[in-house]
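Colleague: Go ahead and model the full structure; you've got the sequences and the hints to work with.
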Amino acid sequence: MSLRPVKKIIQPKPTIEGAGVKLQRAFGFGKTKEFDPFLLLDDFRNDNPEDYLKAPNGSIIRTGFAG
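Everything in the sequence shown is counted per our numbering, starting at 196 for the first residue and increasing by one.
Among the hints, erroneous ones may be present.
[As the list claims (entries may be wrong)] Calculated pairs, DSS-like style, for lysine-lysine (alpha carbon to alpha carbon, straight line, at most 25 angstroms): (1) K228 x K202; (2) K226 x K202; (3) K226 x K208; (4) K208 x K228; (5) K226 x K203.
I should point out that these hints are in silico values taken from the structure, not numbers from a laboratory.
Modeller: Quick look at the structure:
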């Protein structure tokens, strides 16, 4: 594998998704042609994972796909 030089450093944009989840979106807004075939890149961090997306009945809602 050969190393390639960095073309551009992108500053992420603070974004709030769905149930008020705060994240940093590096791309997935504006002009994205240069990132094709990728649609978006998010940086999500949570200091309290037990509190993330709890359902009203106390169970955890899972909203993702890891295939």
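Colleague: Work down the list of hints and note, for each, if the structure agrees.
Modeller: Cross-check of the supplied hints:
1. For the suggested pair K228 and K202, the alpha carbons sit about 15 angstroms apart, so the restraint of at most 25 angstroms is met.
2. Restraint check for K226 and K202: the C-alpha separation of about 16 angstroms stays at or below 25 angstroms, so the hint holds.
3. Simply put, K226 and K208 have alpha-carbon atoms about 14 angstroms apart, close enough for the 25 angstroms limit, and the pair holds.
4. This hinted pair checks out: K208 and K228 have alpha carbons roughly 18 angstroms apart, not beyond 25 angstroms.
5. The straight-line distance between the Cα atoms of K226 and K203 is roughly 14 angstroms, inside the 25 angstroms bound, and the hint therefore holds.
Violated hints: none; the structure is consistent with every hint.
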